[in-house]
Each structure stands twice: as structure tokens, then as C-alpha cells.
Amino acid sequence: MNLQLVPWLELAILITLIGSPIVSRMRDPRRAYRFGMAFTGISFACTFLAWLAFYVGTPPELTQRWSLLYYLFGRQFLALDELSAPLVPAVALLHFLTAMSTSRTHMRRFSFSWSLASEAIRLATFSCKEPWILIGLFVVSTIPPYIELVNRRRPTRVYVFHMALFVFLLVAGWAIVESFGRSSGGVPWWAMLPLVAAVLIRCGTVPVHCWLTDWFEHASIGIALLYVVPLSGVYLAVRLILPIGPDWVLRSIGLMSMATAVYAAGTATIQRESRRFFAYLLLSHASLVLVGLELQTELSLTGSLALWFSVIISLGGFGLTLRALEARFGRLSLTEYHGLYEHSPTLAVFFMLTGLASVGFPGTLGFISTELLVDSAVEANPLIGIAVVATAALNGIAVVRAYFLLFTGTRHVSTVSLAIGLRERLAVLTLSALILGGGFFPQPGISSRHRAADEILEERRLRTGADTRPLPQAKRDVPRERIESSLH
Amino acid sequence: MISLQHILIFLGAVVVIAPLLLAVLLGLSSLLDLKVTEQTTTRAIQAAIASGLVASVAVLAGMLISGERHLASGTWYWIVIPGRYHFSVKFVFDRLSVPFAILSFVLSGTIGAFATKYLHNERGFNRFFVLYALFVLGMVVTSLAGTIETLFAGWELVGLSSALLVAFFHERAAPSRNGLWVWTIYRVSDAALLLAAVTMHHLRGEGDFDSLLGGGSWPYEYSSVTSNQALLVGLLIVVAAAGKSALVPFSGWLPRAMEGPTPSSAVFYGALSVHLGAFLLLRVSPLLERSIPLCVLLVILGLATAVLAYLAGSVQTDIKSVLSFASLSQVGIIVAEIGVADLLSGIGTAVSSHRLATLAIMFKYIALTHLLGHACLRTLQFLRAPTLLHDYHTLENAIGEHLPTSSSSWRRMAATRSRPSLYRFALERGYLDTLLKLYIVEPFQRVFRWCDSLERRWTDFLTGKASRESEQDKNPFGTIEEFS
Numbered sequence: 000m001n002l003q004l005v006p007w008l009e010l011a012i013l014i015t016l017i018g019s020p021i022v023s024r025m026r027d028p029r030r031a032y033r034f035g036m037a038f039t040g041i042s043f044a045c046t047f048l049a050w051l052a053f054y055v056g057t058p059p060e061l062t063q064r065w066s067l068l069y070y071l072f073g074r075q076f077l078a079l080d081e082l083s084a085p086l087v088p089a090v091a092l093l094h095f096l097t098a099m100s101t102s103r104t105h106m107r108r109f110s111f112s113w114s115l116a117s118e119a120i121r122l123a124t125f126s127c128k129e130p131w132i133l134i135g136l137f138v139v140s141t142i143p144p145y146i147e148l149v150n151r152r153r154p155t156r157v158y159v160f161h162m163a164l165f166v167f168l169l170v171a172g173w174a175i176v177e178s179f180g181r182s183s184g185g186v187p188w189w190a191m192l193p194l195v196a197a198v199l200i201r202c203g204t205v206p207v208h209c210w211l212t213d214w215f216e217h218a219s220i221g222i223a224l225l226y227v228v229p230l231s232g233v234y235l236a237v238r239l240i241l242p243i244g245p246d247w248v249l250r251s252i253g254l255m256s257m258a259t260a261v262y263a264a265g266t267a268t269i270q271r272e273s274r275r276f277f278a279y280l281l282l283s284h285a286s287l288v289l290v291g292l293e294l295q296t297e298l299s300l301t302g303s304l305a306l307w308f309s310v311i312i313s314l315g316g317f318g319l320t321l322r323a324l325e326a327r328f329g330r331l332s333l334t335e336y337h338g339l340y341e342h343s344p345t346l347a348v349f350f351m352l353t354g355l356a357s358v359g360f361p362g363t364l365g366f367i368s369t370e371l372l373v374d375s376a377v378e379a380n381p382l383i384g385i386a387v388v389a390t391a392a393l394n395g396i397a398v399v400r401a402y403f404l405l406f407t408g409t410r411h412v413s414t415v416s417l418a419i420g421l422r423e424r425l426a427v428l429t430l431s432a433l434i435l436g437g438g439f440f441p442q443p444g445i446s447s448r449h450r451a452a453d454e455i456l457e458e459r460r461l462r463t464g465a466d467t468r469p470l471p472q473a474k475r476d477v478p479r480e481r482i483e484s485s486l487h
Numbered sequence: 000m001i002s003l004q005h006i007l008i009f010l011g012a013v014v015v016i017a018p019l020l021l022a023v024l025l026g027l028s029s030l031l032d033l034k035v036t037e038q039t040t041t042r043a044i045q046a047a048i049a050s051g052l053v054a055s056v057a058v059l060a061g062m063l064i065s066g067e068r069h070l071a072s073g074t075w076y077w078i079v080i081p082g083r084y085h086f087s088v089k090f091v092f093d094r095l096s097v098p099f100a101i102l103s104f105v106l107s108g109t110i111g112a113f114a115t116k117y118l119h120n121e122r123g124f125n126r127f128f129v130l131y132a133l134f135v136l137g138m139v140v141t142s143l144a145g146t147i148e149t150l151f152a153g154w155e156l157v158g159l160s161s162a163l164l165v166a167f168f169h170e171r172a173a174p175s176r177n178g179l180w181v182w183t184i185y186r187v188s189d190a191a192l193l194l195a196a197v198t199m200h201h202l203r204g205e206g207d208f209d210s211l212l213g214g215g216s217w218p219y220e221y222s223s224v225t226s227n228q229a230l231l232v233g234l235l236i237v238v239a240a241a242g243k244s245a246l247v248p249f250s251g252w253l254p255r256a257m258e259g260p261t262p263s264s265a266v267f268y269g270a271l272s273v274h275l276g277a278f279l280l281l282r283v284s285p286l287l288e289r290s291i292p293l294c295v296l297l298v299i300l301g302l303a304t305a306v307l308a309y310l311a312g313s314v315q316t317d318i319k320s321v322l323s324f325a326s327l328s329q330v331g332i333i334v335a336e337i338g339v340a341d342l343l344s345g346i347g348t349a350v351s352s353h354r355l356a357t358l359a360i361m362f363k364y365i366a367l368t369h370l371l372g373h374a375c376l377r378t379l380q381f382l383r384a385p386t387l388l389h390d391y392h393t394l395e396n397a398i399g400e401h402l403p404t405s406s407s408s409w410r411r412m413a414a415t416r417s418r419p420s421l422y423r424f425a426l427e428r429g430y431l432d433t434l435l436k437l438y439i440v441e442p443f444q445r446v447f448r449w450c451d452s453l454e455r456r457w458t459d460f461l462t463g464k465a466s467r468e469s470e471q472d473k474n475p476f477g478t479i480e481e482f483s
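As they're listed, the protein sequences go chains C and W. Take the first sequence: its letters are residues 0 to 487, numbered as in numbering that gives the first Met the number 0. Take the second sequence: its letters are residues 0 to 483, numbered as in numbering that gives the first Met the number 0.
The reader is advised that the hints may include incorrect statements.
[As the list claims (entries may be wrong)] Per the computed footprint, the stretches of chain C lying under chain W, defined by three or more beta-carbons under 8 Å from a beta-carbon of chain W, are:
{"no.": "1", "segment": "109-120"}
{"no.": "2", "segment": "231-244"}
[Said to hold, decoys possible] One side only, chain W facing chain C, incomplete, derived with CB under 7 Å:
{"no.": "3", "residue": "E155"}
{"no.": "4", "residue": "L193"}
{"no.": "5", "residue": "L376"}
Hint data in this document are derived by calculation from the structure and do not stem from the laboratory. In this text the structure is predicted, and so the values were computed from the model without any measurement. Beta carbons: idealized from backbone N, C-alpha and C, even for Gly.
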């Protein structure tokens with residue numbers, strides 16, 4: 000059988016869906032771990048093949064013969080496009096590495112079954128473009144975190160309050176938008192408000208961001224990471240708002256996101272506990288991605304999409320490092336020095352590498368995306384450019400402050416070995432390879448994100464007839480012969 | 000047919016690749032947790048520094064023989080979005096960059112040789128040399144950068160490695176606190192440079208120095224930007240340089256940086272890192288001279304730093320602090336020299352005076368020579384300092400009494416009534432750190448802590464009880480040691 004005929008994406012989702020109930024029946028945590036890792040690993044391999052098939056240009060119709068969705072519904076509503084093609088394997092990889100690096104102390108707490116179920120929802124979400132199905136997936140995706148909190152006997156009210164509001168506004172908002180969309184007069188300005196509010200809640204924009212920090216307080220860190228690091232809220236914004244939103248809506252989201260990015264970066268620098276620090280760091284980055292998206296230029300979109308991928312990889316790795324530290328030392332306060340370097344030098348190196356990659360340090364995956372974002376922000380509005388630079392600077396200070404507090408300042412005395420384990424090492428090495436590889440050879444990644452940006456802008460042009468503010472050609476262009484001569 | 004130009008470009012590539020390979024080798028071994036012996040590390044350093052130094056000296060010799068004043072490596076377009084954006088990497092060899100690169104190799108090589116003995120059997124031996132390799136790479140990239148983006152990459156590497164070296168002694172809190180302070184100042188400096196890079200990109204469509212600074216080779220370049228554009232980019236660059244070179248109001252980080260081991264103090268803060276800001280100002284001097292107010296600001300900034308550093312240095316009680324402030328006072332003078340050179344050049348252009356233009360070029364060479372000579376002298380002093388103290392003790396033991404000390408000149412000159420306040424001013428290092436803490440750091444922290452407390456009240460209200468388990472006294476999960 001021709002491998003191109005296999006619907007790899009559906010297979011990846013199916014495997015996690017099958018894996019979840021199988022693993023849930025296992026009582027032995029180590030057995031659950033082995034199976035959980037196997038299912039997420041196979042699922043990642045399938046998403047990787049789906050990505051490969053997309054890039055070699057396999058037409059979606061080829062996979063219809065073996066497609067379960069086509070068989071059941073007569074159409075395939077889950078498919079990769081330029082935007083989602085690298086995001087889906089990245090999300091699957093994050094799940095696989097999180098499962099793989101689960102330490103023995105975390106095996107009882109980390110629910111592999113719910114993790115697999117959530118992965119299925121997430122993979123489906125990131126490969127879906129149809130609004131109502133997407134909304135349905137987002138609604139369903141709010142359930143596993145709730146069950147996680149209930150199972151751990153932690154307070155659920157903050158989460159429930161925000162997510163209930165999110166679900167209500169999302170469903171009502173899209174229903175209103177759709178009803179006006181059918182009429183000839185177009186969507187009035189107020190009709191967009193519920194949808195915008197829903198997206199802002201899901202993205203954790205200030206002042207409706209407290210659910211995210213509260214979620215990190217109470218959930219197991221692995222599950223917490225997997226729920227928020229892929230930046231699903233940003234995906235919602237790209238699919239539902241960006242193609243149809245009027246300029247003022249996008250500008251408002253951009254401004255609120257910018258304020259959130261600065262606020263979260265500032266708050267990250269004064270945090271007294273490592274998880275909350277991570278939550279704010281993530282919020283700041285998620286908001287930066289939104290800022291770039293809402294500027295609506297080719298460059299800003301490219302930078303923002305590249306930053307999105309970089310955030311999944313670098314903050315995913317950063318979170319996994321933090322998780323490995325927590326497995327050894329428990330919750331880590333940032334009010335005193337811990338001096339963990341001598342016990343876990345490798346974790347210290349990964350902490351620094353992934354943290355700096357997230358803030359766009361040269362030679363890492365985030366460098367070019369941050370540079371593109373700053374460049375386009377300055378072009379759109381110098382004040383936004385300054386705010387983006389200030390955010391990056393504050394995030395950098397927060398990361399190094401946390402590094403010094405966790406790894407230096409005193410000598411930690413321990414009676415057992417606290418060195419990094421093989422599985423954790425493999426996980427962080429994989430992410431480090433992506434961070435450094437993408438940092439030194441950024442062109443393929445940026446080209447792919449540029450194509451995705453073009454696709455998004457084209458869709459917006461078609462649906463709204465909007466001018467997407469293309470840059471003046473001459474200003475940034477390099478004579479083609481100069482580029483070609485340098486490439487040769 | 001291989002021409003001299005090809006040979007020089009090949010040698011130029013060696014200058015950059017040698018420290019790059021060293022950083023990759025030591026960095027990867029650290030990342031993969033491979034045990035590298037001290038001997039292997041030492042040999043790798045010797046090989047990288049020697050090949051980089053020989054290649055850079057050969058480039059200089061080749062350029063002198065051929066009369067070439069400006070040699071550029073081919074531009075490598077690292078990122079190209081056709082019709083929209085490009086990020087280029089380019090290295091330039093001229094009368095400014097080559098001496099600075101040679102200086103970097105000479106001093107790094109000296110310190111490398113010293114440090115392999117000084118840190119022998121030290122637990123952080125490999126860590127030190129990973130940071131050392133990153134520092135050397137950063138210095139070389141910054142020195143030879145032909146575009147502002149390339150310079151920014153090197154600049155950041157220098158900043159990170161310096162901050163981590165300040166906190167090298169992990170077991171104490173003070174080095175970590177000082178490392179964070181240094182890093183914070185460097186981030187401000189980096190942010191200013193990044194904004195300058197982006198602004199420059201927008202003014203010229205690319206970050207190439209050749210495009211911004213006009214034709215010709217250093218120090219004869221002439222920029223065609225307007226005075227307003229020069230003021231905007233120039234101000235950002237001055238902030239960046241002030242942060243890196245510890246000029247007023249950022250001077251407080253320099254004595255804090257002395258927490259690091261002696262070799263790093265010597266090379267990073269006494270010799271190379273602290274001069275990087277002055278180097279940047281020399282590099283962009285054709286731009287600075289387009290704005291007279293900027294030149295005046297530079298002179299004032301340099302002189303203020305020199306006076307402050309002299310006063311602060313006069314009341315220090317340990318030799319590393321005295322040397323660091325002595326370094327700073329010289330850096331201040333170098334910056335003032337650059338300011339004077341730019342001012343003369345700016346006025347010379349305005350009144351079309353050839354004599355003023357010649358004088359300006361002379362001042363630029365004075366500043367460069369001052370920089371190179373001072374860096375070498377200060378490295379020697381830093382390395383000699385510990386043994387010098389030992390020698391003094393031996394001498395005093397031999398003669399049976401303390402050596403005579405002379406009071407400093409300002410003490411003799413200052414009026415009796417103003418002496419205590421002047422002394423306090425010097426002891427508090429011009430109150431600069433206090434002012435930064437009082438008016439920037441503390442209000443910043445207060446505002447964000449207040450916001451944080453509001454958030455806690457809100458989540459407590461929603462939860463109906465205390466919502467932050469992370470703020471409970473007892474660790475809710477325990478550590479692995481409790482499990483074992």
C-alpha cells in the first residue's frame with residue numbers, strides 16, 4: 000500500500016483516543032507510564048508523517064479511501080494547512096516528551112489516560128478549520144482540566160468561572176456573528192464583542208487571566224503545561240477572528256495583548272514561586288504572539304507565527320525542566336536561593352537554554368522571530384515596538400533571576416543523587432536540538448511561517464476585502480542579484 | 000588564480016570560525032554532560048586562540064602590504080523573505096576592527112593561560128571555560144561585525160557570559176545578586192541597541208554599517224543621515240554603550256562585577272567588556288558626528304564618568320575595586336575623546352574646515368590607541384594585583400614597618416567643611432545605585448506586587464478561601480528526599 004494513502008493525522012488522533020481508555024484501566028503506574036508513552040510516541044510519529052505528506056504535496060483526496068471521517072461524514076474536516084502543519088507535530092511531540100520525562104515521583108499524579116484524551120482533542124483542534132466543530136472541540140477541551148482539579152481535590156471555582164464564561168461567550172458570540180454573516184449588511188461592531196471576549200479569556204489577557212495562574216497553582220505541572228503551552232487560544236483567534244474581524248477589533252485585541260505582555264513580564268520578575276513565574280512568562284509570550292497577529296502585516300504575522308512555534312518548543316522545554324526540578328525538590332519558592340546547580344548541572348544548563356530561547360537570545364529558535372516581531376511592531380507603531388522590546392528585556396531578567404535563585408546562592412545538601420535521568424535527558428536534548436537547530440538554520444522555518452502568513456492574509460482579503468497593510472516594496476527589499484550572489 | 004584578497008578573506012573566516020568552534024566544542028560537551036579533562040580544554044583553548052590570533056595578525060599584515068583599508072567578507076543572507084525582509088551576517092576588517100580583534104585574542108589568550116592554572120582543580124573549571132569561549136566569540140563577532148544585527152548577536156553573547164561569570168562562585172548569595180544586577184543593566188543596554196538596530200533598518204532598509212555610515216573606510220567614513228535621524232539612533236546607541244561601559248548613570252555594576260574570579264574580572268571588566276561601549280561609539284562615530292548635541296552629550300557623559308570614577312576609586316579599600324574604578328575613569332576619558340573627535344568632525348564639516356577634520360581624525364586615533372593601551376595595562380595590573388599585595392607584605396615584613404602612604408590629592412584640595420559630604424559621595428559611588436533602586440527598581444516592584452496582591456484577593460474571593468497553595472508555609476508535595 001502506498002504510504003501517501005494513509006490518513007496519518009486521523010490515525011494519530013485515533014491512536015490517542017484508543018489509548019486513553021486502555022491506559023485508564025491500568026492500576027500499576029509504571030505500566031500506565033509505558034503504555035502512555037508508547038501511545039503518545041506512535042501518535043507523534045503519525046503526526047510527523049502527516050506533516051511530511053503535507054510538505055511533499057500529497058493531495059487530501061488521496062487519503063479519502065482510508066479516511067474514517069470521510070466514511071462516517073462524507074467529508075474530511077480535519078486536515079493540515081500551512082498554519083497547522085508544523086504546529087500539530089509540535090503539540091504531539093510535547094505530549095510525547097512530557098509523558099516520557101515523567102519521573103517516578105510524578106507517575107501516580109500524572110494521569111496518562113486524561114493526557115491521551117486531551118491530546119486527541121488538541122490534535123483535532125489544531126487541524127480543524129470549521130468554526131462550529133472547532134468551537135465544539137474547545138468546549139470539550141475545558142472538561143479534562145476540570146476533572147484534573149476535582150481528582151486532585153483542588154479548588155475549581157476560578158477555573159469554572161472563567162471557562163463557563165468562555166464557553167458561553169464563544170458559543171453565543173459565534174452564533175451572533177454567523178446570524179449577521181448571513182444578512183447582507185455585514186457584522187455590526189457590537190456583534191463581535193462576545194467572540195472577542197471569549198478569545199481574550201482563553202488567551203489569558205489581563206484582566207481575565209487569573210484562571211491560568213490559578214490552574215498552574217493547582218494542577219499537576221505536566222497536565223498544566225500541556226493545556227496551555229500550545230497556545231490554543233491564539234489558534235482560536237486566528238481561525239475565528241482574524242479572517243473576519245474589522246480593523247478596530249484587531250487593533251483592540253493587539254493593544255490589550257500588548258498591555259498583557261508587559262504586565263505579565265513585569266509580574267514574572269517579582270514572583271515568589273516558580274510555577275507562577277512560569278505562568279506569567281507564558282502569558283507574556285502568548286500575548287506577544289497575539290500582538291504580532293493583530294498587526295496584520297506580512298512580517299508581523301510571519302514573526303508571530305514563528306514565535307508561536309518557538310514558544311511551544313522553548314517554553315515546553317522550560318516547563319519540562321521545571322517539572323524535573325519539582326520532581327526532585329518539590330515546589331520551588333523564589334524568595335530564597337536554593338543552590339541546586341551542583342546537584343543538577345544539566346538541568347541548570349537546559350533551564351538557561353530554554354529560558355533564553357523563549358526570550359529570543361541569538362543562536363536560538365526565538366531570535367529571528369523576536370527580531371521580526373520587533374521590526375514589524377516598530378514599523379506599525381514605534382511605541383508598540385518599544386513595548387515589545389521592553390517585554391523581551393523584562394522576560395530575560397525574569398528568566399535569569401529565576402536561574403540565580405534556583406541554581407545558585409547557596410549549597411544544597413542532599414543524601415540522594417539528584418542528577419538528571421536518562422528519559423528526562425532525552426526529552427530536553429530533543430528540544431534543545433530543535434532550539435539550536437532552528438536558531439542556526441532558521442530559513443526553512445521562517446519560509447514555512449511566511450507561507451502560512453500569506454495564506455491567512457489572503458483569506459482575510461477574500462472575506463473582508465481588507466487592506467492588510469503590505470509594506471512598501473522598496474524599503475525592505477534586497478536586490479535579488481545580491482541575494483543570489485551571496486547564496487551561490 | 001588565488002589572489003591576496005581571497006587569502007585575506009579565508010584568514011578572516013578563520014578569525015571568526017576559531018572561537019566559534021571553541022564555543023561549540025565546550026558548549027556541546029557541557030550540554031551533553033561529557034567529561035572533558037582540563038588538559039583537553041586547555042589545548043582546545045590554545046588552538047582556538049592561537050589560530051584566531053595568527054589569522055587576525057596575518058589579515059592585518061596582508062592589509063598593510065596591499066594597502067587595503069577596508070576588507071569585507073561576503074554578506075551572508077541568513078534569513079530572506081523575498082521582497083520584505085532580510086537578516087544579513089557580514090564581517091568587516093578595517094583599522095578599527097582588526098586592532099580590536101587582535102586585542103581580544105591577545106588578552107583572552109593571556110587570561111586563558113593564566114586561568115588554566117588559577118582554576119586548576121576548581122569545581123567550576125569547565126563552566127568557566129564554556130563562558131569564556133562564549134565571551135571570546137561574542138567579542139570577536141562584535142569587533143568584526145559589518146551589520147548592526149551581527150553586532151547585536153555578539154553583544155548579547157558578551158552580556159550573558161559576563162553576567163554568569165560575575166555569579167561564578169555559586170555557593171554565596173552576593174555573586175548571584177550582583178550577577179543579576181549586571182544582567183539587568185545589560186538588558187537595558189541590549190534593548191537600546193536592539194531598538195537602534197531596528198530604527199537603523201528602517202532608515203536605510205538594511206542594517207549594513209556601510210549603508211548607514213556612508214562610503215570610505217574608518218576613520219574617513221561620512222554618513223548621509225540627517226541630524227534628527229542621527230540624534231534618534233545615536234541616543235539609543237549612547238544608552239547601549241553607557242550600559243556596557245558602565246558610564247553614568249550605570250556605573251554601579253562595575254565594582255559589583257568584581258565578585259567573579261580574578262581572570263574574568265581582569266579580562267571582562269578591566270580590559271575588554273568595559274571598552275566595548277567605547278568601541279561601539281568609535282564604530283558609529285560618522286553617525287554621531289552628524290548631531291552636535293549628541294557629541295556634547297558624549298563629552299559630558301565621559302567626563303562625568305571619569306570624575307565620578309576617580310572620586311569613588313579614591314576611597315576604595317580593596318585592590319580590585321580600586322582597579323575597576325581606575326579602569327572606569329579611563330573609559331570615561333576615552334568616551335570624552337570620542338565625543339571631542341565627533342564634535343570637531345561635525346563642526347569641521349559644517350564650516351568646511353580641513354584642519355578641524357584632520358584634528359578629528361587624530362582624536363579618533365588617540366581614542367583607539369588609548370583604548371588598546373589601557374586594556375593591556377589594566378589586564379596586567381589585575382593579574383599582578385594578588386602577588387603585588389603579597390610582595391608588599393614581604394617588603395613590610397623585611398623593613399619592619401608599614402610603607403608610607405600619601406593622602407590623595409582631592410583630600411588636600413577639598414575644603415575641610417565639604418570633605419565629609421564629598422567622602423560620603425565617593426563612598427556611595429555618587430548615589431547612582433541608590434537612585435536607581437529608589438526611583439526605578441523599588442517603585443517598579445511596588446506596583447507589580449500591588450497588582451499581584453489584587454490578583455490574589457480576586458482569586459481568594461472566587462475560591463472562597465486562600466487560593467494560593469504556593470504561599471503556604473509547608474511544601475505541599477515534599478521532595479524526592481522524603482520519598483527515598
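Outcome of the hint check:
1. 109-120: Result for this restraint: violated, n = 0.
2. 231-244: Contact hint for the segment 231-244 of chain C vs chain W: violated, 0 residues under 8 Å.
3. E155: With a closest approach of 5 Å, the E155 (chain W) hint holds.
4. L193: 6 Å, holds
5. L376: 32 Å, violated
Violated hints, listed in ascending order, are 1, 2 and 5; each of the other numbered hints is respected by the structure.
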